[in-house]
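A.B. asks: Once you have looked at the hints, place chain U on chain E.
Line order of the protein sequences matches chains E and U. My numbering applies: residue 126 is where the first sequence begins, and numbers increase by one. My numbering applies: residue 209 is where the second sequence begins, and numbers increase by one.
In silico negatives: residues of chain U with every beta carbon more than 12 Å from chain E:
no. : residue
1   : Gly-216
2   : Phe-219
3   : Leu-223
4   : Val-226
5   : Val-230
6   : Leu-244
7   : Ile-249
Computed spacing ranges between beta-carbons, pair by pair:
no. : chain 1 : residue 1 : chain 2 : residue 2 : range
8   : U       : Val-242   : E       : Asn-277   : 18 to 26 Å
9   : U       : Ala-262   : E       : Gly-189   : 51 to 59 Å
10  : U       : Ala-233   : E       : Gly-189   : 29 to 37 Å
11  : E       : Asn-277   : U       : Ala-262   : 40 to 48 Å
12  : E       : Lys-286   : U       : Val-264   : 34 to 42 Å
13  : E       : Pro-290   : U       : Val-264   : 40 to 48 Å
Just a sample of chain U residues kept apart from chain E, beta carbon distances all over 12 Å, derived:
no. : residue
14  : Val-220
15  : Val-227
16  : Phe-241
17  : Val-242
18  : Pro-245
19  : Leu-246
Everything labelled a hint here was simulated from the structure, so no lab data went into it. Each residue gets a CB set at the ideal place from its N, CA and C atoms; glycine is no exception.
What follows is the residue order along each chain.
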Amino acid sequence: MKVRIAIVVVWFVVLGIVGALVVTRSDPEKHADIVEHFKYGSIGAEGRSGVPASLWLALPEVFGDLLPKGPGKGYERVGLLYEKGKTRPIGTSFRTTQIGMVGLNCAVCHVGTLRASKDAPRQIIEGMPANQFNLQAYLNFLRNAGNDKRFNADTLIPAIKKVDPDFSRVDELLYRHFVIPRTKAALQQLRDDFRWMDVRPAEGPGRVDTFNPYKVIVGISTGDTVGTSDLPSIWNQRPREGMQLHWDGNNDSVAERNISAAIGAGASADSLDTPALKRVRDWILDLKAPRYPRKRISEELAARGEGVWAQNCAACHSFKGKLVGKVTPIKAIGTDRERLDSFTQELVDKQGEGTGNLPKFSHFRKSHGYSNQPLDGVWLRAPYLHNGSVPTLADLLSPPSQRPDRFYRGVDIYDWERVGFISRGSTAKRIGFLFDTQEKGNGNGGHTYGTDLPADHKRALIEYMKTL
Amino acid sequence: MRAAKSRGGSFVALLLAVVVLVILAIAFRGLWFVALPLGLIALVLAVRGGRSPAVVGYVGLLLALVAFTGAALAAVADISIDRGYDVYENSSPADQPPLPR
Chain E
126 MKVRIAIVVV WFVVLGIVGA LVVTRSDPEK HADIVEHFKY GSIGAEGRSG
176 VPASLWLALP EVFGDLLPKG PGKGYERVGL LYEKGKTRPI GTSFRTTQIG
226 MVGLNCAVCH VGTLRASKDA PRQIIEGMPA NQFNLQAYLN FLRNAGNDKR
276 FNADTLIPAI KKVDPDFSRV DELLYRHFVI PRTKAALQQL RDDFRWMDVR
326 PAEGPGRVDT FNPYKVIVGI STGDTVGTSD LPSIWNQRPR EGMQLHWDGN
376 NDSVAERNIS AAIGAGASAD SLDTPALKRV RDWILDLKAP RYPRKRISEE
426 LAARGEGVWA QNCAACHSFK GKLVGKVTPI KAIGTDRERL DSFTQELVDK
476 QGEGTGNLPK FSHFRKSHGY SNQPLDGVWL RAPYLHNGSV PTLADLLSPP
526 SQRPDRFYRG VDIYDWERVG FISRGSTAKR IGFLFDTQEK GNGNGGHTYG
576 TDLPADHKRA LIEYMKTL
Chain U
209 MRAAKSRGGS FVALLLAVVV LVILAIAFRG LWFVALPLGL IALVLAVRGG
259 RSPAVVGYVG LLLALVAFTG AALAAVADIS IDRGYDVYEN SSPADQPPLP
309 R
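So that you can see chain E by itself, here it is in the shape it has in the complex (with noise of 0.2 Å):
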């Protein structure tokens, strides 16, 4: 009897060392390229959102009437861009924890694209503003085939190992058993946790609501704001150091906004990969923005156009600019107020707490208006405002009520001429989403700053945007 107790004794050590192993396993993908890392590397947000790696790549395959109609297959479909040999999109990632997770990285909505005609090929811009990527559209894939009866081992099983050769017997028994029930389970819960999302008007391409999200995971109301606002870009983030960043200039410390960033790309408090998201804060600090070919610029007018910006723009939007980085009033600037109204001070006492498995944050505060952004790289950060209601810098100098009601976003066939992607048309009604700023938060008013100057100074401004 004293053999067999040993026994018992010795398998259950060393049950319990390979489950602490197993348990506390964290092994991300790795780049030694920076920019590689940027739009592959895990910044940690596989803990919170991940999807298990085999059945992520299947769900396409099961759930194809699900995606949003349009251009492109899988994921694609979402707006997530694959590369030539990927076999994952830009901005996620991979990390092996218990199982191989994918995950989302801040290259997810920092990254996007630019043809310069239609049938130009596709350029990749890191930095820029995922102008083609919808999250509500992937997040709602989700949510959506979770809730679907194909959900279960036996139909997800066969397409996993047609998109996953290395897929294993051992693999498939803790798919049926574990993964695939926890999955749906989570999916149900992402379903529900996001369901403030299915009463409001739809985000489209390249926008999110940043912080209604937020409030589910502390556990206060979302309320009946939209905060869905653009996708900005991140390049030049030292000298944005010690602004007021987030479009309402809510936070003036970039190391907690990137973490903030990091939260809503799905990562926690405990899974968040602090050497590997201040990999990419490096980098950003200097990344230069793409400049406007120079083929495409008059000098000359551009020369002209410099004074009309001294004058009327640069102290709100030139790096040195003396109220850069500060926040207008929403009375003076009279833009859109759902997104300032959608960040309360409630959160921010929340943020200050550290609930939900978020970490402690310690400079965001609750504004009264809209932060002047620095322009750098303005021509590739259209639709403009915050809330990406304007669909060209043309149109952002004219009267508000000339600016167009509807128009269509998300496509990225260069506007040469307007100065922005292109909007309307055939092309753009194919492919693009319709933006309709009637819509709650959509609202296209306010910052009229320039509507009123001569149209050649019109013309001269937005040539020397170009130089931006």
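C.D. replies: Frame of chain E, contents of chain U only:
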């Protein structure tokens, strides 16, 4: 007499372990509350098997260990899934209206 009892205990442990493994193979999480106590009984009997023939005793012990561990894992898997979102509980989750794409 004691040897016969021990031998009997090992056989019962072996049989119980097989029963538990069959239950786990068929239902896994679904019947963990049956599998776990049976696995525990099998394990206790296998340890107490004493002077039973070595092969029966050790095979019984090994299977009982596997069965008990499997049942415990099934219990953990089941308990760790929130009841409100459990696929086993929600027979027709697709009854809810589809979400916007």
